[in-house]
Amino acid sequence: MKLLTKEIGRYPLGIWIAFMALLLAFLAWLMQTYSLLDWERAVELGVQNESFAGDAVERAIADVERGVAIADIFWVFPITVIAFIGLLRKKFIGFVAAMMVFAVCVYFPLFYAFRGSMNFDIVLIAIFLWAVPSFLGILGLWANRKMFKN
Amino acid sequence: MIKPTLITWIIAIFGAITFLPLLGAQLIMILKPQSQKAKDLIIGKGKDWRDKSHFLYSFAFAWADLLVIFPLFISGTIGVFLGQYWGYVLWLILGVVSIYFSIVFWVLEKQFAYATYGWLAYYTYFWGFFLYWGVGAIVFSILQIA
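Quick mapping for you: the protein sequence lines, in order, are chains A and B.
When you read off a place in the first sequence, starting at 1, and then add 3, the result is the number in the numbering used here.
When you read off a place in the second sequence, starting at 1, and then add 37, the result is the number in the numbering used here.
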């Protein structure tokens with residue numbers, strides 16, 4: 004935990020890790036936004052796994068993915084913006100919002116991991132791009148919580 | 038140290054009513070995923086999985102809920118009653134996750150669950166409580182720790 008409080012430039016290491024995890028979250032929300040705008044193109048690009056043009060099972064899984072994408076964009080994306088700006092300004096609201104974003108970013112890769120129908124490489128990508136950085140972000144924020152007084 | 042108030046108790050009891058039955062059902066889902074008991078609890082009495090994907094995502098939600106929601110609710114509630122700052126942070130986090138899966142299930146399951154259970158059950162214990170608890174816990178926790 005001491006390492007996470009070591010100052011590197013303007014912020015401690017733990018906060019830099021939180022910024023990195025938030026940037027990765029933005030990448031996820033960008034992919035989800037693109038998917039909602041043009042789902043089938045997103046499937047072609049590999050951003051989504053299942054197509055609405057496939058068989059009944061594939062369509063049902065695509066429906067789950069669409070539900071997750073809607074929740075990401077309409078709920079977690081605005082919180083991510085608040086988190087990023089709040090952390091930049093060392094505000095308490097940034098600390099709280101970032102914790103919220105990281106909780107979701109740990110939750111949804113777990114859902115993918117246990118779903119069984121997801122390709123293993125996608126599960127690994129979700130875990131290493133979002134779950135692990137977000138978990139480290141939680142630790143980084145917690146180690147530096149005294150920074151956020153107002 | 039943040040002293041628990043009457044609202045703390047209300048949110049904690051409401052949380053127990055909301056999450057503990059879900060966690061019980063999810064535990065049965067993990068231990069006996071193909072049993073009729075699991076189907077009765079997750080999708081409705083006497084019902085069957087619509088297809089393989091319905092079973093698979095229900096199974097995945099069961100694991101994710103047990104690994105994330107259960108520890109967050111128990112440890113958050115303990116922390117809140119100990120008057121600890123981290124207890125409210127955990128409630129905040131759970132509030133966000135709770136609203137998150139409420140939105141996912143709104144998109145995904147409303148047409149099925151609403152038809153099966155009717156509006157009253159749907160907007161209360163089947164779906165609504167998770168959303169209401171999430172909103173309540175977020176607002177209250179922010180006010181307590183700000």
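Simulated from the structure, these hints should not be mistaken for lab results.
Quick reminder that beta carbons are idealized off the backbone N, C-alpha and C, glycines included.
A few of these clues could be false.
Unchecked claim - Computed Cβ-Cβ distance ranges for the label pairs, DEER-style:
1) B/143 <-> A/95: 28 to 34 Å
2) B/156 <-> A/145: 48 to 54 Å
3) A/49 <-> B/143: 37 to 43 Å
4) A/43 <-> B/42: 39 to 45 Å
5) B/162 <-> A/149: 38 to 44 Å
6) B/42 <-> A/148: 21 to 27 Å
7) B/39 <-> A/124: 41 to 47 Å
8) A/131 <-> B/47: 39 to 45 Å
9) A/54 <-> B/46: 46 to 52 Å
10) B/180 <-> A/49: 19 to 25 Å
Against the structure, the hints come out as follows:
| no. | hint | in the structure |
| --- | --- | --- |
| 1 | B/143 <-> A/95: 28 to 34 Å | 30 Å, holds |
| 2 | B/156 <-> A/145: 48 to 54 Å | 41 Å, violated |
| 3 | A/49 <-> B/143: 37 to 43 Å | 27 Å, violated |
| 4 | A/43 <-> B/42: 39 to 45 Å | 52 Å, violated |
| 5 | B/162 <-> A/149: 38 to 44 Å | 40 Å, holds |
| 6 | B/42 <-> A/148: 21 to 27 Å | 23 Å, holds |
| 7 | B/39 <-> A/124: 41 to 47 Å | 45 Å, holds |
| 8 | A/131 <-> B/47: 39 to 45 Å | 40 Å, holds |
| 9 | A/54 <-> B/46: 46 to 52 Å | 49 Å, holds |
| 10 | B/180 <-> A/49: 19 to 25 Å | 44 Å, violated |
Violated hints for the displayed structure, listed by number in ascending order: 2, 3, 4, 10.
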